[in-house]
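Participant: Residue numbers (numbering that gives the first Met the number 0), protein chains in the order written: chain U, 0 to 182; chain G, 0 to 151.
To be clear, the hints were calculated from the coordinates, so they are not data collected in a lab.
Built from N, CA and C at the ideal position, the CB exists for glycine as well.
Treat each hint with caution, since some may be false.
To be verified - With a straight-line cut-off of 30 Å between C-alpha atoms, the simulated DSS-like cross-links for lysine-lysine are:
hint : chain 1 : residue 1 : chain 2 : residue 2
1    : G       : Lys-90    : U       : Lys-36
2    : G       : Lys-90    : U       : Lys-47
3    : U       : Lys-47    : G       : Lys-32
4    : G       : Lys-68    : G       : Lys-53
5    : U       : Lys-82    : G       : Lys-90
6    : G       : Lys-9     : U       : Lys-170
7    : U       : Lys-125   : G       : Lys-63
8    : G       : Lys-90    : U       : Lys-166
9    : G       : Lys-40    : G       : Lys-53
10   : U       : Lys-157   : G       : Lys-40
11   : G       : Lys-40    : U       : Lys-82
12   : G       : Lys-63    : G       : Lys-90
13   : G       : Lys-68    : G       : Lys-40
14   : U       : Lys-36    : G       : Lys-40
What the hints assert, rightly or not - Example chain U residues on the side facing chain G (calculated, C-beta under 7 Å, incomplete):
hint : residue
15   : Asn-60
16   : Asn-84
17   : Phe-144
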Amino acid sequence: MSRFLLVLLPLVALITLAADLPPADPFDTMMDVVTHKRCMNCHPSGNKPRQGEDSHLHYFNVQRGPDDHGVAAVQCGTCHQSKNNDYSGVPGAPHWGLAPLSMAWEGLSRAEIARVILDPEKNGGKNLEEIVKHMTEDELVLWAFEPGVDNEGIAREKPPVSEADFKAAVKAWAANGAPIPND
Amino acid sequence: MPTNFNLNGKPASTNADPDSPLLWVIRDEIGLKGTKFGCGKAACGACTLHVNGKAVRSCSYAVKFVEGKEVTTIEGLGTEDNLHPVQQAWKEEIVPQCGYCQPGFMMATAAMLKEIPNPTDEDIDSNIVNVCRCGTYYRMRKAIHRAAHLSK
């Protein structure tokens, strides 16, 4: 009986502690994903994407190009298709490409990124409803949660938040009026 | 279910696993050996061919994506009697050493010249990023400029 209590009491304490924690702020939950390398690598502030867990500059001198999808003979689609390729380790999703330079996030604070996301002059003219749709339904955005394996067969790191929690956070943040905390 | 496409202007079909690399089908099933296997991870460019006129690394291109599309390999770029300007320039500049990677370079160059008919050295550096272990880059640069001239 005493053994049983020894196991049970810490569990009860943990559950109680978890219940006492305030719910995560939707903005923070959303930004935990947005600032993850799976998103940031293709939101560079320059004209070259980044790649890998260490966010190094993309190999092979890959460049943004005139339409954010590479240059004539080295387009994103030269290597990236609409699905991950787990044999070669090349990731893929529909319309694989860089975010426009107006949507560069590299080097910005979370609040600055949020202001960019909400700015129709920078986000491609999207209103809040369209932003939510983009962030919760676009296949390239959601690729972050199924990033496949690299060319060594090692699974790419996923954002620290589940896809379901991310979508819920984006919707909750928008429903609250998309508040942006102070820097 | 077969995958149907056009290969060098002629209808082609394969029953290969839809996730098979296009390169496997082109080389091992259809028997066109000009397109080479280099790294298998879309890094070296030896397997470059065209899908709907765009350069693609065929080692990392699942054959299912080629359904209904036009594929061009080095064998279909020109003919023996009428070489493509890139092939002609490669010949005139005596570019290849071992030659293994050259078809990929030529296909990448042909794709570039479609959109950039008069490439600068900077354009070449940005667009032609394949790997040649023999180091024929200097001769390739000359050949690319010559191909641009021949294309006029």
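Participant: All hints, please: hold or fail.
Facilitator: Checked hints:
1. Lys-90/G to Lys-36/U: 45 Å, violated
2. Lys-90/G to Lys-47/U: Answer violated: Lys-90/G to Lys-47/U is near 34 Å, above 30 Å.
3. Lys-47/U to Lys-32/G: 34 Å, violated
4. Lys-68/G to Lys-53/G: 11 Å, holds
5. Lys-82/U to Lys-90/G: Distance ~38 Å between Lys-82/U and Lys-90/G Cα, so the pair is violated.
6. Lys-9/G to Lys-170/U: Violated, at about 51 Å.
7. Lys-125/U to Lys-63/G: 34 Å, violated
8. Lys-90/G to Lys-166/U: 57 Å, violated
9. Lys-40/G to Lys-53/G: 18 Å, holds
10. Lys-157/U to Lys-40/G: 21 Å, holds
11. Lys-40/G to Lys-82/U: Roughly 15 Å separates the two Cα atoms, so the pair holds.
12. Lys-63/G to Lys-90/G: 35 Å, violated
13. Lys-68/G to Lys-40/G: Within the cut-off at roughly 22 Å; holds.
14. Lys-36/U to Lys-40/G: 21 Å, holds
15. Asn-60: Holds, about 5 Å.
16. Asn-84: The hint holds - Asn-84/U has a Cβ within 7 Å of chain G, the shortest such distance being about 5 Å.
17. Phe-144: 21 Å, violated
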